[in-house]
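Asks: What follows is the residue order along each chain.
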Amino acid sequence: DVKVTQSSRYLVKRTGEKVFLECVQDMDHENMFWYRQDPGLGLRLIYFSYDVKMKEKGDIPEGYSVSREKKERFSLILESASTNQTSMYLCASSSQGVPEAFFGQGTRLTVV
Amino acid sequence: DAKTTQPNSMESNEEEPVHLPCNHSTISGTDYIHWYRQLPSQGPEYVIHGLTSNVNNRMASLAIAEDRKSSTLILHRATLRDAAVYYCILRDLSNSGYALNFGKGTSLLVTP
Numbered sequence: 001d002v003k004v005t006q007s008s009r010y011l012v013k014r015t016g017e018k019v020f021l022e023c024v025q026d027m028d029h030e031n032m033f034w035y036r037q038d039p040g041l042g043l044r045l046i047y048f049s050y051d052v053k054m055k056e057k058g059d060i061p062e063g064y065s066v067s068r069e070k071k072e073r074f075s076l077i078l079e080s081a082s083t084n085q086t087s088m089y090l091c092a093s094s095s096q097g098v099p100e101a102f103f104g105q106g107t108r109l110t111v112v
Numbered sequence: 001d002a003k004t005t006q007p008n009s010m011e012s013n014e015e016e017p018v019h020l021p022c023n024h025s026t027i028s029g030t031d032y033i034h035w036y037r038q039l040p041s042q043g044p045e046y047v048i049h050g051l052t053s054n055v056n057n058r059m060a061s062l063a064i065a066e067d068r069k070s071s072t073l074i075l076h077r078a079t080l081r082d083a084a085v086y087y088c089i090l091r092d093l094s095n096s097g098y099a100l101n102f103g104k105g106t107s108l109l110v111t112p
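Chains as they are written, first to last, in the numbering used here: chain G, 1 to 112; chain H, 1 to 112.
I should point out that these hints are in silico values taken from the structure, not numbers from a laboratory. Any given hint could be a false lead.
What the hints assert, rightly or not - EDC-like mimics (lysine to aspartate or glutamate), calculated; alpha carbons at most 20 Å apart, straight line: (1) G:K70 x G:E56; (2) H:K104 x G:D51; (3) H:K3 x G:E62; (4) G:K3 x H:D92; (5) H:K104 x G:D38; (6) G:K57 x H:D92; (7) G:K71 x G:E100.
As the structure is a computational prediction, the values presented were derived from the model and not from experiment.
In isolation and in its complexed conformation, chain G is listed as follows:
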């Protein structure tokens, strides 16, 4: 079974903490993506990556950074967590020229 695995299903962090959300895929995909999903706003793209060490800003990159040191791993970093970053975070991966993207189960992050 192909898989995109996110390190945690649920996470609670304090305001001001540095938070790492990890995503690993086992399909040798070039592309990886981070989205957040909020009620009434749908899925919004934060960052994506075409290749190792490559990254591109999505629609809402403010307050986030990413890291892709290895092809299979894409990390989302909240430099200083704030309560408005409480959300469901979804990671996805896809291969060039292939229509299907695969999503992880999501990480529900609560910042208190």
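Following the hints, position chain H against chain G.
Replies: Structure of chain H alone, referenced to chain G:
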């Protein structure tokens, strides 16, 4: 990016066919029509995609209008497990590294 328009919600009885519409009047010639769905508490999953011709797979059928300005996802026999949010997304596969842009989708309710 070309946009899609879907009804906010639809309702169906179990074991009946469901037709989920999508309008995309500004579609470009290289845009593929993709459908994803998101079951409760899960990440989105790929359903089907097409360019011009109607498409069938084990999950659903995709009917594309001749002028490509609209399409319909058809679930031939709805089950309770098909209750989900269905997203219609346009994506240019020549730039397949680009992320999927999710709208609000259609929330499908299936009743026994």
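Asks: Evaluate each hint against the coordinates.
Replies: Verification of the supplied hints:
no.	hint	verdict
1	G:K70 x G:E56	holds, 16 Å
2	H:K104 x G:D51	violated, 29 Å
3	H:K3 x G:E62	violated, 24 Å
4	G:K3 x H:D92	violated, 24 Å
5	H:K104 x G:D38	holds, 11 Å
6	G:K57 x H:D92	holds, 19 Å
7	G:K71 x G:E100	holds, 18 Å
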